[in-house]
Amino acid sequence: MTMSRQGVQPNEVIDRSTKLRFRWNGKRFSGFEGDTIASALAASGEQIFSRSMKYHRPRGILTADYWDPNLMVQVGDDPNVRAGHRLLEGGMDVRSQNAWPSLNRDIKAANRFLGRFLTAGFYYKTFMRPQWLWPTYERVLATFAPGGKIDLDTPHAYHDKRYTHPDVVVAGAGPAGIEAALAASSAGASVLLVEHEHAVGGHLRYSSDAADQADLAELRAALEASDIEVLTNSTMTGRYEDNWLGIVQRNHPVAVERLIKARAKTLVVAPGLIERPYVFEGNDRPGVITSGAARRLVNLWGIKPGERAVVFSANAEGDAAAADLERVGTEIAAVIDGRAGGRISSTTGSSRAVEAVMVAGPNGAQRIEADVLVVAAGWTAPTSLLNMAGDRPVYDPAAARFFPSDPPSIVLATGGLAGDGDLDGLRRHGADTGRLAASRAAAVRHRLQARTARAAPVNGDEPAWAPDERPPLGRDPHPELYRADTHGMVDMSEDISSKDLVAAAHEGYDSVELAKRYTTATMGPSQGKLETVNTVAAIAEARGETISEVGTTVWRPPFAPITLGALAGRMFEPVRVSSIHPWHEANNVSVIQAGQWLRPDHYGDPQAEVRNVRRNVGLIDVTPLGKLDLRGPDVPKLLSLLYVNKWMKLGIGRVRYGMMCAEDGVVLDDGVTGRLGEDHYMMSTTSSGAGGVWEWVENWLQTERPDWQVHVTPVTTAYASINVAGPKSRELMSRVCEGVGLDAEAFPYMTVRDATVAGVTGCFMWRIGFTGELSFELHVPAGHGLHVWEALMEAGSDLGVGPFGLEGQRIMRLEKGHFIVGQDTDGLTLGPSTGMGSLIKLDKDDFAGKPELAWAADRSLPMVVAIQPDDPDVVPEEAAQIVRGDTNEILGRITSSRHSPTLNRSICLGQVEPDLAAGGTKLTVLLESGERISATVIDHHAHFDPAGERLRG
Amino acid sequence: MAGLVSGLRKRPPKYSAAALAWKGLRGQSWPRVWRDCDLKRSYDAVVIGGGVHGLATAYYLARNHGMTDVAVLDKAYLGSGGSGRNTAIVRSNYLTPEGVAFYDRSVHLYEQMAVELNINVMFSQRGHLTLAHSDASLRTMHWRAEVNKLGGVNSSVIGPDEIKKECPSLDTSDHPRYPIQGALYHPPGGVVRHDAVVWGYARAADHMGVETHQKTEVTDIVCEGGDGPDGKGAGGRVTGVRTNRGDISTPIVINCTAGWASLISTMAGVRLPITTHPLQAAVTEPVKMFLPTVVVSGSLHVYVSQTDRGELVFGASVDPYANYSVRGSLEFTEGLAGHVLELMPGVSRMRILRQWSGLCDMTPDYSPVMGFTPVDGFLVDVGWGTYGFKAAPVSGEQMAEAAATGRTPKLIEAFALSRFEGGELVGEKGAASVGH
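Quick note, the sequences are listed as chains A and B, same order. According to the numbering used here, the stretch in the first sequence is residues 1 to 953, in order. According to the numbering used here, the stretch in the second sequence is residues 954 to 1389, in order.
Chain A with its partners taken away, still in its complex shape (with noise of 0.2 angstroms):
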């Protein structure tokens, strides 16, 4: 079969006056403007496109349009690109997937003398020895991957996302899709119409009948005339819950694509039919085409399919096609009407092309010689949308396909999907189809706005939900065809033919699910869009069943593929930085990820930092500290219920440290709580906490305590936060503040006091200390940030103040002691082993974990210890892991290291059992080189004033 471009046709979508010039496997080719990259290959003579999965077999057309399973090919480092529907653009530099060496001369095509031995699944039945050739059995069978390649280098192109709340959406712009937009429009409803192709009209556009281009034309001209929001080159990929919609919008001016998230009122579904292959010897051989390839390549391209054409019809599709051939002067050698019972058996030819038709009559097969084969032997209904949303469509032997059964109300069929009928009547059911959606949509309208809080009332009452009265289409009958009297392909784009099925269905694999999980038919790329109704055929004839009762596979989203790139849209990626960070990037700041944070982790030598606080004073910027704003009389008992300790009689002016745990008795959180005024309280978590804990909040005040008055805020960055830290601390803070005394007793340690910082007033500040040193944690209005801290500074100067940042606040933290949440606790560490068992109150009513809590109090549990190792030199590694002598019994681990500038030797925290957790007991630690050194528990978690003199003072 060798393709050609004849005269203009009628309604061909190409220019003929715009040629484009591209690259087919390296050599030049040209289109003209509106051919799709495989109508201008098959214009230019180019019978094969492809090689198939496991027999490399030579593929050509057999569609031409998108689900065409041999028309997948590589544009650029795009792979698998639909050359049935993506359009021809000038420069295109087009590859053939799955050949090698070339498409024309495949070494692998080597495989088709092996096809008795490669039956469906043969792979789980050998390569099982030797075991140790395994890996190499794999490797092979790997390079069988089908597909295009991927370059890495690909950068992520500009995408994008929209949100649209249309009353009326509707898939599919055929002729019912259009008229179901027109008139929902018309009755004042906001309406969407997207279709997959790149022009409205579904089957029309493909049709030569003069009555079909006249109606086209006129509904053309209305939708141009409406306001209906029309979305060609755009697929609804998925149908979720309550009508929640994604679209690919693919011709989008700017981004590559876009992904349209709609949430529809009402929702239209009518994608039309597609054409279903015959099952036969051969059926896979270029030159044998559906009905439907063959009217696009003569209307829409002007495309002659061959010289000698065999039409196979049984419908009017058939038909039209053998009309359409003859027309652009294909000689029709014969058409075999399915409907009166005729049938073809096989063709023959080479594995390139078709030479002859074998048909099947009375007097056994006839041979018909022809280079093409049209085949039109019926339907598959793309019920995928209807599936998402929960229908099981219902299969009438009668009309040969599955219809919908029992959608939900607000997803409403029509077109070729619900039934047939003429034009006038898809046209009728398509506009009734609008009307109601229109006033469903109307009423879900009027009920969201009712429910939704508002200051003007809605005004009426709810439209009645209209019930369907539309008069149904009705049911051609069609002949059941599926397999002819041989074997063929089932599923082209995986090489499953039907011998293969029922063999898989003869060894047990016998239901649609096992036997396309045993052969992978319907797993490919297209989906089961053509082939997932002759798979259960297959299986049914196998099991001596009908289609009914074997039912069908559910189509899961998308509809059609949709790529990463349109997924992920526009990737937004936050980077939070605290107002003060301009000042540390100044500085030579080293700079540490934290979540979505980036922190200063030092200055240059954090050791350094470290004497200086220890020495003068130091500051810190430690904006990143979750921060609740809590409100209302009904603080205390969240307090209560979310911390261990105990919260009901904390006086204004006092700040407590508090430790919250999970329902499992785990630590989750910690930090301190201040009480602001009368029912205003500042809740202060970790940095890396600070999401976690707000929803923890929440959840608890949503679900469990509505009926308390508490208003949470997160005021995480409406300040910023900055640690004063040091001896000299409070000689620094008195020259900045104003009214407010700073000595022990006017402001003692874990207390609050609301302050004018360097003339900022709003700011609040605590008197805490996680470094252990005599320190002010100021919180001020965070675009005040930068002002305070370079105030700060300059008023330091004289006292040798200097900034600290995060890995120097760790070496303070753990020469106090003080643990870290989720670093020396983990997701096994309960209250008590922190040490902190102490605050845990048992006897509140009640708190979250308490019952975990309660058991726990009866057990031994892994205690968090100090440790100190016996070579002060030695800094064990954060991971390396306690254990019994020489043996590789795990005793605990080192969940914090340092080495301490204040003490001049190495410090830990770790995890250990409870029988090790005496002070002065002897550990054996495990390095990660091997090495096994010695440690010794330490009284206290302080390794350095365990009195916290210095802290209070």
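Any given hint could be a false lead.
As a list, the in silico PhoX-like pairs of lysine-lysine whose alpha-carbon atoms are at most 20 angstroms apart [said to hold, decoys possible]:
id: 1; chain 1: A; residue 1: Lys149; chain 2: B; residue 2: Lys1241
id: 2; chain 1: B; residue 1: Lys1028; chain 2: B; residue 2: Lys1168
id: 3; chain 1: B; residue 1: Lys1241; chain 2: A; residue 2: Lys108
The set of hints was computed from the structure by calculation and includes no laboratory data.
Here the structure of chain A is known, so what remains is to put chain B in place on it, guided by the hints.
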């Protein structure tokens, strides 16, 4: 006809290259992999759930303990639940010594499986990378590596350069928003053809006499002597099950279901601390091989591997809400795509072909519930969360031992239901939440 077939068991033909060639040459077909039997009125034991856990349990009951009068019941088809919906990752680099020992045994059984079951389950030990994008996760990787090493498991922390060597497709530069700082590398980890594991156990169990019954839904569990209604509940014992195909009497019922484990157990009057969450997954169109290892990123909530067919298979963590629906969501695919592109920007043009979800039974400590219950003869192998597939062989082996001997094997002592009564949680919470 089905009745005739049962009882007539010839030694089934072995799978091998030679047999494949012989049958291919002679055009012979293969016999059924498992029989289609009538449901009998009684069995020595009934396993509920024809997934990989139930079938492995039945297989080991027959193989290790000579119990062959066993029926495996499934309300749909074999492997229709989590067994056919998971992402088929197998590994043993867990966080606790108990977890390491347990899964190490499982990996060992997977390594032997193709030969033992005489079906190629395509266990591809291609290496498993768990990426760390932060100091904190790197610290956890080191911890896991140390515990793994002590348990004799091949596992170590590697840096970006070595990661690039093992898996060139990953972006190990400092361009991503959360650059890769290191990874826990576990060479024996990999993927296996999950359906083949299901079929292999079913076929091997069938050959020893175990019956598999598909489309057979258990509607009730019959008990006597318990403290609840109808003799169910603590102190009672199991006497049989009711199904849509008739009643069966049996002294042993093993609940190997997922997604419905708590509902099935309630039929015996046993309450389980389980909530059911969907876990979503997706697969792309095939492209030529480019991703040599399994890649997991806990912080980005994604794991990905490339099948021998060239598809990328993705999974994530469970949905944050309890639900019995197995429909996928759009948001899942959006989040997934963003995270995958963070790891490998070059796959932007790959297309998602199919998304689905499975049901995960979550327990409070992210560890399973295995062994005996307060109802005599009613055993459970449930609560497998997101990590049941990789544990199937060892679970089957241990559950079979429990059912056959009446004693809890040491390897699963920690997973007893009774732990929830005293707060003795075991927990792989730190390692298993997204750790595939």
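Unsatisfied constraints (hint numbers, rising): Per hint list: zero violations.
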